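Throw the hints in and build the complete structure from the sequences for me.
Here the sequence shown stands for residues 22 to 201, numbered as in this note's numbering.
No lab work stands behind these hints, which were simulated from the structure alone.
Be a bit skeptical, because a hint or two may be false.
What the hints assert, rightly or not - DSSO-like mimics (lysine-lysine), calculated; alpha carbons at most 30 Å apart, straight line: (1) 81 / 150; (2) 65 / 132; (3) 81 / 67; (4) 150 / 192; (5) 106 / 35; (6) 150 / 68.
What the hints assert, rightly or not - The calculated label-pair distances, taken between Cβ atoms and stated as ranges, are: (7) 199 / 122: 28 to 34 Å; (8) 196 / 136: 17 to 23 Å; (9) 74 / 148: 33 to 39 Å; (10) 27 / 69: 16 to 22 Å; (11) 119 / 183: 36 to 42 Å; (12) 71 / 129: 20 to 26 Å; (13) 169 / 129: 16 to 22 Å; (14) 74 / 188: 21 to 27 Å; (15) 168 / 114: 39 to 45 Å; (16) 33 / 75: 29 to 35 Å; (17) 199 / 157: 16 to 22 Å.
Just so you know, these numbers come straight off a predicted model, no measurement behind them.
In this text, a Cβ means the ideal position worked out from N, Cα and C, and glycines have one as well.
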Amino acid sequence: NELWQYGTDKKISKLNFSLSQSPIDFAVYGNFYFINASDNQILKAKKNGATFSEPRPWIKINSPLNQPVGIGIDGNIFVVDSVNKIYKFYGGKLENFMDTIIEPKPQQITKIFTSAETKYLYLFDPAAKRIVVLNKEGELTKQYLFETLENINDFTVNEKNKKIYLTSGSKIYKVDLTHL
22 NELWQYGTDK KISKLNFSLS QSPIDFAVYG NFYFINASDN QILKAKKNGA
72 TFSEPRPWIK INSPLNQPVG IGIDGNIFVV DSVNKIYKFY GGKLENFMDT
122 IIEPKPQQIT KIFTSAETKY LYLFDPAAKR IVVLNKEGEL TKQYLFETLE
172 NINDFTVNEK NKKIYLTSGS KIYKVDLTHL
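Here it is as structure tokens:
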């Protein structure tokens, strides 16, 4: 598993490291952060000029993760695992985060989205055709249900423009964010 970059010069080049396993998910916040299910660890590849360091374990304690499936970063790192538990980390250490009760219970959250530009966490539960919105303390804010869409496979959020963008097959849907 290798990481490649598409440069401003429109050339593709291989970065100076490879991953021993395929990442389940990754996020970028100046550096690259990867998760994989086998070692329940967050790996960090530190940006060093135009290159990146070899990925190293980032969690500084015994990892509480249990088969992580998604990662989002806003300065804190949020990880959701295979049993829909959300973990919050800062500086490689576990932080307190509310155990949120979501009803109906998520079938399987597969992605968590946040950024420094967003006020909320967005959780993707594709089997239930919904996106769950939490504030960054973990309190349930809103749920968006997309009953008529089939095979939703990904999403992103633009809070500034108050939109969610969903992909379903070869189509991209734009949905208004009503909680902002």
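Starting from the range 39 to 45 Å, see whether the pair residue 168 and residue 114 falls in it by beta-carbon distance. Cβ of residue 168 to Cβ of residue 114: about 40 Å, so the range 39 to 45 Å holds.
Given the proposed pairing of residue 65 with residue 132, does the C-alpha separation stay at or below 30 Å? Given that 30 Å is the threshold and the Cα spacing comes to 19 Å, the pair holds.
Going straight from one Cα to the other, do residue 81 and residue 67 come out at no more than 30 Å? 16 Å, holds
Against the range 16 to 22 Å, how does the distance between the Cβ atoms of residue 169 and residue 129 compare: consistent or not? Since the Cβ atoms of residue 169 and residue 129 sit about 21 Å apart, the hinted range of 16 to 22 Å holds.
For the pair supplied as a hint, residue 150 and residue 68, is the alpha-carbon distance within the 30 Å limit? Given that 30 Å is the threshold and the Cα spacing comes to 36 Å, the pair is violated.
Beta-carbon spacing of residue 199 to residue 122 - inside the hinted bounds 28 to 34 Å or not: 22 Å, violated
Given hint residue 150 paired with residue 81 - CA-CA distance at most 30 Å: The given pair, whose Cα atoms are some 36 Å apart, is violated under the 30 Å limit.
Taking 29 to 35 Å as the hint, is the beta-carbon distance of residue 33 and residue 75 inside that range? 21 Å, violated
Is residue 106 close enough to residue 35, meaning Cα to Cα at most 30 Å? 35 Å, violated
Consistency of beta-carbon spacing, residue 129 to residue 71, with hint 20 to 26 Å: 38 Å, violated
Under the criterion that the straight-line Cα-Cα distance not exceed 30 Å, is the pair residue 150, residue 192 satisfied? 15 Å, holds
Could you check the hint for me, namely that residue 199 and residue 157 are 16 to 22 Å apart, CB to CB? Given about 19 Å between the Cβ atoms, the range holds.
Hint violations for this structure: numbers 1, 5, 6, 7, 11, 12, 14 and 16, all remaining hints satisfied.
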